[in-house]
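Trainee: Input sequences plus hints: build the corresponding full structure.
Protein sequence lines, in the order shown, are assigned to chains A and B. So the first sequence is numbered by my numbering: it starts at 1 and just counts up by one. So the second sequence is numbered by my numbering: it starts at 1001 and just counts up by one.
In short, the hints are calculated from the structure, not lab data. The model shown is predicted, which means the values in this text are computed figures rather than measured ones. The beta carbon of each residue, even a glycine, is placed where N, CA and C say it ideally should be. One should not assume that every hint holds.
Unchecked claim - Here are some of the chain A residues that sit facing chain B, going by a computed Cβ distance under 7 Å:
#	residue
1	Val6
2	Leu10
3	Ile11
4	Ile79
5	Thr139
6	Phe141
7	Ala318
8	Asp321
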Amino acid sequence: MLGYLVHRILIMIPTLIAISLLIFIIIHLPPGDYFSTYIAELQSQGEKANLAKIAFLKAQYGFDRPLWEQYLFWVGGLIQGDMGYSFLYDLPVNRVVGDRLFLTFLVSFTTIVFTYLVAFPIGVYSATHQYSLADYGLTFFGFLGLATPSFLLALLLVYFANVYFGISVGGLMDPRYVDAPWGWGKIMSVFAHIWIPVIVIGTAGTAGMIRRLRANLLDELQKQYVVTARAKGLPPTKLLFKYPLRLALNPFISDIGSLLPHVISGAAVVSIVMSLPTTGPMLLDALRSQDMFLAGSFLMFMASLTVIGVFLSDLALAALDPRIRLHVGRQT
Amino acid sequence: MMPADSMGAETRHAYPASAMLGDYLRAAAGLVPVGVVFATVPVGAVAAGILGGFAAIFGVFGVRTALRHGTSLEMTDSELRARGLWHTTIRWDELDRMRLAYYSTRRDRRSGWMQLDLSAGAARVRLDSRIEGFDQVVRHAAHVAAARGLGLTEATMSNLEALGIALPEGYAESGAAR
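Mentor: This is the structure in structure tokens:
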């Protein structure tokens, strides 16, 4: 397993380098940079820009150097834990993002845990009670969850909570804690608020997971070894948990990797709708204004989460089912 | 893969240097960049933790590669002896666990490698498919495991099948095979 871990890490590193290159190139694709846009904006309003300060910032952050040097400057900063400077907010990125990266991670992680906790028992129940009334009901809700965009669900929740209950379900904490330092009260407030965005963001993923687990488990339950085990009198629950469920879990685990990007991209839109203090709304502003360091750091963080998610799911799969596929033949 | 040296009923198996070169390079590929970063730029606490973690993993991997490279196996009808920095002997009549795993980092599961874990009480031997005569050791271990009625996992059964190692008829369907 150590060998596998090392192989996977060595694949992960060039992947992250390639992603950082892509992010850098894409952010630089539109003509100009943050400063030229900023100067043009001020000029269109008949105002004068502080050219001396802009020249200073350009020199300090390497905007006057070739692109490859700018890239190395940015990546070098990231390695040192310095995410650069946000020109949009006129503050270091570390200070601008504040708790947002952590809260984004918290929302994403909780959503994934929620997805698995809900999808696992429902998927198993649906498969073991195929074509029962409960299976039809759960299947219906599954399709409904798959077909409903997260932002629409968020809008509906915000609207109905406000109209019928007179409460606001936006935000991740009580307004009084927004700028307060972290403490027990703030933590409890986050936990009291987080479940609504988690349900909103996680519904589609949960519905998809239920469908996949149900289908995988049904495939396994119809195989001959299950019939043989039943015929030999193995108790149904023991049979289910010991053999078919284990095999049906493989695609379920490998989905972690694909779930993360969905959760994060879904969270960006939902965060705007529900006024969540996560990275989504800030990323949108940063991309629109070509705030290189802010946008780049956000995108790199999200890409890293995705790469780590795939890495973890691969590790889990390798630990759970380290087998060769017979149709591949022997490859050692 | 054939055994490096056969001496009657005893066979000897070792890791050829050419097969281990890749692992030495991998350990270096992980350690050198981290070392360069630490040596040339000031690193923040979080980044230092992450890079330090990577360095530790690659360091342990490098040491394990060297240990594995320095280990040779001697297999007889009665036991399997590992000779290297540590000496371990697995007596076949005490074998209580066998696990054959296959790892691949590719999506199509090609170009991977196998790893055989054998235990007999506290004695434990782990070898991978780059050792000379790997098939021979696996075949012998599988037959001993079948004769002793050891429980083999689904993955082990599949991997044995992929190596063309057949267990006694009916073994796969027996409770022991699970």
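Trainee: A separate judgement is required for each hint: does it hold in the structure or not?
Mentor: Each hint, compared with the structure:
1. Val6: Holds, about 5 Å.
2. Leu10: Holds - the Cβ of A/Leu10 comes within 7 Å of chain B, reaching about 6 Å at its closest.
3. Ile11: holds, 6 Å
4. Ile79: holds, 6 Å
5. Thr139: Constraint on A/Thr139 not satisfied, violated at 29 Å.
6. Phe141: violated, 32 Å
7. Ala318: holds, 6 Å
8. Asp321: At about 6 Å, which falls below the 7 Å cut-off, the nearest Cβ of chain B leaves the hint on A/Asp321 intact, so it holds.
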